[in-house]
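Starting from the given sequences, assemble the full structure and let the hints guide the process.
Going down the list, the sequences are from chains A and B.
Residues 75 to 253 (this note's numbering) are what the first sequence spells out, left to right.
Residues -3 to 419 (this note's numbering) are what the second sequence spells out, left to right.
Honestly, the hints are just simulated from the structure, not real lab data.
Beta carbons are placed, not taken as given, at the ideal position from N, Cα and C, and that holds for glycine.
Check the hints yourself; a few may be wrong.
[Claimed, not checked] Per the computed footprint, the stretches of chain A lying under chain B, defined by three or more beta-carbons under 8 Å from a beta-carbon of chain B, are:
no.	region
1	108 to 115
2	163 to 174
3	191 to 197
[Stated by the list, open to error] Here are the simulated DSBU-like cross-link-like pairs (lysine-lysine), alpha carbons at most 30 Å apart as the crow flies:
no.	chain 1	residue 1	chain 2	residue 2
4	A	K139	B	K279
5	B	K199	B	K311
6	A	K155	A	K246
7	A	K246	B	K324
8	B	K113	A	K133
9	A	K170	B	K113
10	B	K205	B	K165
11	B	K78	A	K234
12	B	K339	B	K78
13	A	K170	B	K121
14	A	K133	B	K279
15	A	K249	B	K330
16	B	K78	A	K183
17	A	K211	B	K78
18	B	K339	A	K234
19	B	K199	B	K216
20	B	K349	A	K234
21	A	K124	B	K349
22	B	K199	B	K121
23	B	K113	A	K139
24	A	K155	B	K349
25	A	K100	A	K124
26	A	K246	B	K349
27	A	K139	A	K95
28	A	K234	B	K113
29	B	K349	A	K95
30	B	K349	A	K249
31	B	K279	A	K170
32	A	K246	B	K78
33	B	K339	A	K246
34	A	K155	B	K78
35	A	K249	B	K339
36	B	K349	A	K183
37	B	K209	B	K279
38	A	K95	B	K113
39	A	K133	A	K170
40	A	K249	B	K78
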Amino acid sequence: MHHEIHPNASAAATELHDAVKEALTKAIGEGLVRSQIDYDMPVFILDKNKVHDGLSFLKNDPSMKFGFLTTMCGIHFPDNKGEEFALMYQLHSLEKNHRIRIKTFMSEKDLVMPTITDIWLAADWMERETFDFYGFKFAGHPDLRRILNMDEMNYHPLRKEYALEDASRDDKQDKYFGR
Amino acid sequence: MPVAMINKTNISDDNMRGTSGNIGQTFGTATEVTDQKDYSILNLGPTHPATHGIFQNVLTMDGEVIVKAVPTIGYIHRAFEKLAERRPYNQITPITDRLNYCSSPINNMGWHMTVEKLIGCDVPKRAQYLRVIIMELSRIADHIVCDTVIAVDTGAMTGFLYLFQWREKIYEIFEEICGARLTINIGRIGGMERDFNDKAWDKLRAFMKEFPKALHEFDKLVTRNRIFVDRTVNAGPITAERALEFSFTGPNLRAAGVDYDVRVATPYSSYQDFEFDIPVGTKGDTYDRYMVRMEEMWQSMRIIEQAIKNIPDGKIHADVPEFYLPDKEDVYSKMEALIYHFKIVMGETDVPKGEVYHAVEGGNGELGFYLISDGGRTPYRLHMRRPCFIYYQAYPSMIEGGMLSDAILTMSSMNVIAGELDA
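See the structure below:
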């Protein structure tokens, strides 16, 4: 299993990382692809099909108690062939004041994910936002519509292929700025 | 109380569907109500004086009672997360101003601290204390808006007029510090752009001396007022369990009885040096939300007092010349300074690769920045955890079954700020 620790990671972060890693391995086995620590935040990369089980376990297991869904978002890595899209969930255990991040990578051909609205009510609009901007399909979501953009929009604007600059502008190319 | 039986699975009522004018959004999932009653549809917003912002709710009404509410948001969506992917780090600060514009300095500081975490820079103690003063002042300004507006919505205009001028005084302090008032782009990555001048200290001391009187006066006018209490107690309540399920943070969560405050849970900018209490409510209704914010203003005053008393001397920014503008005279006389000036103005400062999350206690709760840097001059991805966006989704369930007038109060007491909601 691949394993990476940020040089500044504190002892507490390492300890939390090890405890959650052990518990997750027990709960979902091979579903835990790899883990690392990014700037004091333990990060667990899960298999796409095990995300729902993993999150449900982390919320409900009495030794974990990550009962609070802080946020979630999508990320697009167009050059990362076969794993172009990623989802990030961030959990917080308010009792123990522990924070962890869960990530999963998937191919652009298959952006269907099981919804986590059955685990947290707060996931409703978060998933709608992620769908709106990246096009993830959350299977089982009660009302998966666009939320911030208008319904008539026919693309997902935070994907990297949509440049922010007007395509007709040729005075803002990187080469003119020595980049 | 709800009188209608609602069948949530059926999406067929044409009355509830339509397009909302120029932006052409479709209203939410319609609900078929299965009894024989004839309900009326009330379109509340998007521009309505009582909603204090651009929010639309299509309400299914049984007389004065709300049976079903469907919110539509996104009217002032400005694609901040996309914009941030094209902008150098220092040019993202003005974007954060426009999230919760009632307390924009907190957003600025949250963003600076996120980048500081990424580049691994230690901000000097004096700058941290200056930041705390600014952040707590803006928390007071934010809570003044919210609490006085709750009073206005119950019909008490006088308290609003009395207290609102103190927000103006806070803006005058900000103006003295950095030249701007509302969306102020204050501080820099690595510290502050300048120290407070004497006038700013004078204004701050005057504020500290006189504001408690005004707040007491407002408190006496409103808090125990019979009409106010009758209107706000039990209006739009939420239990602690549900609030946590909906990922509430900030005063709204504390009003429901959970003592979670980012300033205490994960202290930043030296908050661990200060002594203050976290007020909590019990029922999570409008009155509790009002009371929590009232008490937080007193606690903010306590923090500012301690900060003024204990502020250390020293530098006001870390030694990261690639992030703060050098003195103008140096730019004209020194090569290094000229290069840094040029790089900052053109936004050509590279930052290290990495992935960080940093959260601050904003006026409305945990304001988090999730930043992925691929080592270039702009973020690869910036996600903002906006507390309003997350807790506003509980709004329909909080007002359904209540009166329309309670719905207005619930919205103003949740302090939903359109800029933060829509980003």
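Do the hints match the structure? See the list:
no.	hint	verdict
1	108 to 115	holds (count 3)
2	163 to 174	holds (count 4)
3	191 to 197	holds (count 3)
4	A:K139 x B:K279	24 Å, holds
5	B:K199 x B:K311	22 Å, holds
6	A:K155 x A:K246	28 Å, holds
7	A:K246 x B:K324	28 Å, holds
8	B:K113 x A:K133	28 Å, holds
9	A:K170 x B:K113	23 Å, holds
10	B:K205 x B:K165	12 Å, holds
11	B:K78 x A:K234	9 Å, holds
12	B:K339 x B:K78	23 Å, holds
13	A:K170 x B:K121	28 Å, holds
14	A:K133 x B:K279	25 Å, holds
15	A:K249 x B:K330	28 Å, holds
16	B:K78 x A:K183	23 Å, holds
17	A:K211 x B:K78	21 Å, holds
18	B:K339 x A:K234	26 Å, holds
19	B:K199 x B:K216	25 Å, holds
20	B:K349 x A:K234	18 Å, holds
21	A:K124 x B:K349	28 Å, holds
22	B:K199 x B:K121	22 Å, holds
23	B:K113 x A:K139	27 Å, holds
24	A:K155 x B:K349	20 Å, holds
25	A:K100 x A:K124	13 Å, holds
26	A:K246 x B:K349	24 Å, holds
27	A:K139 x A:K95	14 Å, holds
28	A:K234 x B:K113	25 Å, holds
29	B:K349 x A:K95	25 Å, holds
30	B:K349 x A:K249	22 Å, holds
31	B:K279 x A:K170	24 Å, holds
32	A:K246 x B:K78	17 Å, holds
33	B:K339 x A:K246	17 Å, holds
34	A:K155 x B:K78	22 Å, holds
35	A:K249 x B:K339	16 Å, holds
36	B:K349 x A:K183	28 Å, holds
37	B:K209 x B:K279	29 Å, holds
38	A:K95 x B:K113	25 Å, holds
39	A:K133 x A:K170	13 Å, holds
40	A:K249 x B:K78	22 Å, holds
Figure legend: structure checked against the earlier numbered hints; every hint is met.
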